[in-house]
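Engineer: Chains as they are written, first to last, in my numbering: chain A, 1 to 295; chain B, 1001 to 1359.
Derived by calculation from the structure, the hints in this document are not laboratory data. All values reported here derive from a predicted model rather than from experimental measurement. Backbone N, C-alpha and C define an ideal beta-carbon position, used for all residues, glycine too. Any given hint could be a false lead.
So the derived label-pair ranges between C-beta atoms look like this [as the list claims (entries may be wrong)]:
1. Ala276(A) <-> Glu1173(B): 50 to 60 Å
2. Ser184(A) <-> Leu1166(B): 25 to 35 Å
3. Glu1173(B) <-> Phe122(A): 42 to 52 Å
4. Glu1207(B) <-> Ser184(A): 26 to 36 Å
5. Thr251(A) <-> Gly1134(B): 55 to 65 Å
Computed, partial: chain A to chain B, Cβ under 7 Å [what the hints assert, rightly or not]:
6. Ile49
7. Leu52
8. Glu189
9. Ile190
10. Glu192
11. Thr193
12. Tyr195
13. Ile196
14. Asp197
15. Gly198
16. Tyr199
17. Pro211
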Amino acid sequence: MTDVPAGSAMAQADAASRTVPATRTRPQKPLRLKWLVPTLYIIFLMLPIYWLVNMSFKTTNEILSGISFYPANFTTDSYVEILTNPVWYWGYINSITYVVLNTILSVCVALPAAYAFSRYRFLGDKHLFFWLLTNRMAPPAVFALPFLQLYSSVGLFDTPFAVALAHCLFNIPLAVWILEGFMSGVPKEIDETAYIDGYSFPKFFVKIFMPLIASGIGVTMFFCFMFSWVEMLLAKTLTSVQAQPIAGVMTRTASSSGYELGLLAAAGVLTIIPGAIVIYFVRNYIAKGFALGRV
Amino acid sequence: MLELKTVSKRIGEATHIDSVSMTMEPGSLNVLLGPTLSGKTSLMRLMAGLDRPTDGEVWVDGVNVTGLPVQKRDVAMVYQQFINYPAMTVYDNIASPMRIAKKRKAEIDNTVERVATLLQLKPYLKRLPLELSGGQQQRTALARALAKNAKLVLLDEPLANLDYKLREELRAELPRIFTQSGAVFVYATAEPEEALLLGGRTATLHEGRVTQFDDTVRLYRSPADLVTARTFSDPPLNVIGAVKQGDQFRAAGLALRVPDKFKNLFDGPYTIAFRPHHLSLASEASDNTISLQISVTEITGSESFLHATIGGEDWVVLEHGVHDPAPGTTVNVAPKLDQMLVFDRLGEAITPSTLQRAA
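Using the sequences and the accompanying hints, generate a full structural model.
Structural biologist: Pasting the structure below:
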């Protein structure tokens, strides 16, 4: 079965290609509405964000006076207020401080843990690995009170460290799970080849292994950043004045002199921006991160 | 010199390596031959020091290195999968063991240059391994092993994942390159043909035991037992239980003249075996032919593999040229009687020399 069937297959293919123009001549009904669904999707997606940006450039009076699709009196007063008033901009600095602290802490702790889970078999490893994830299933409110009492007694209350440490409860398990997935994608033989070549474990880990899972580390940092950035309950409970996060500042300002909606909207816009920047950098790896590195 | 002294490796209940003792000289080529799961890789990992033996000792140049971490051993290893450091260029990959050993820059440059020329990698030194073809990736791994200039070089089926032409080229090159360096060179393969092409000495592995360790050609010609003969035969060895009565070996559907060299053998039950290429088709039945019922025929072009069953054993006849008897037909096969292998009931080979010793 060599030449003859192949030849006949080719002849059939030729015949098929000759018939193609005949079928193409029938005029197809053009689909004029195919833009509709994506357009609606984007409108619904962007509307809340547009509304927020829209509000942030209005005065509070205009916002309350009725519906308007663009600012009648364009003003950047709200942004000026936020960027000049220390109460406001310290909210951002505090938030970013504990988020960055937490991200670094989580990744540093999770890297060796994930390596152990990915490379070694030990008593109860699978149970321990699953137990880690169950930490994420408990609502933060459960831990708010014990954390508050503990941190008050050791003098950590109202510092960025308090929030950064508290957020580790959720972020370290997540980081271990994501990193373990990425690490298990690296063949064990690479580790062994490095040892045979003479690399010590720390040198191998930093010089050979970490570059291989760099995208995994990036995605992990992104997830830690996002969860810590949006978490509000623990952040507000564990701080009062000195280390107040931006979410805390926003709720307080809202209740002080009526509703300063323009100011709140501007704060909201500024809160979205860091997340958007971080997402931009890891956009190609997020899907793999959501699958905990197991794609 | 590498010595294994009754080395065993058990994981849980399973025995991976069962009391292996071997001595390998510097500058020697040693082939580990055995089917998948026979323990080739396990044995290599013990030699390298990646695993610690459950029992026994590993000695290198008269020093006991059992339990010494692999970083402190002078070893290079290449895996069947193409293992390189993906984040480093080919140059850095080859240079990495020398950098760890803190060699001088000029020396590293020279060695990388020499090794890359030898393995035809020079145009690719600035590329990343994943940008290369499989063959080039494996050559990068080999170059790294070569550049390390280790006393013990372990190659674990390094050519199994390469295409035919490249495999031929590298198979001829590798032993020459590595044995020149005076290293103990260990090469694992599942293919008997590859062992013969490489030469040197061969150890046949079966279920974690080294059944025989000898000069490759001598091992092929006169295996010490049935297991070794079966391991070192591709296509599979044709085996049948037969009873020696006077000057004939008899079994169901088979009566063969006893070759001269086995004349002094006592009458009784034995296992006789022929390699597939020692059987050839005969035009008609006569004395000393075997009639076989064909079940399947495979044709490669220049050779035909005729599969048949006799006395419950699967037999293969390797015949030159294209032969295509229909399944179910009976053919007559003439064995080369003087190439017959004879084993006693325990599977030990019987050779003229063992007969002399017995007598």
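Engineer: Which of the numbered hints are not met once you compare them with the structure shown?
Structural biologist: Of the numbered hints, 6 and 7 do not hold.
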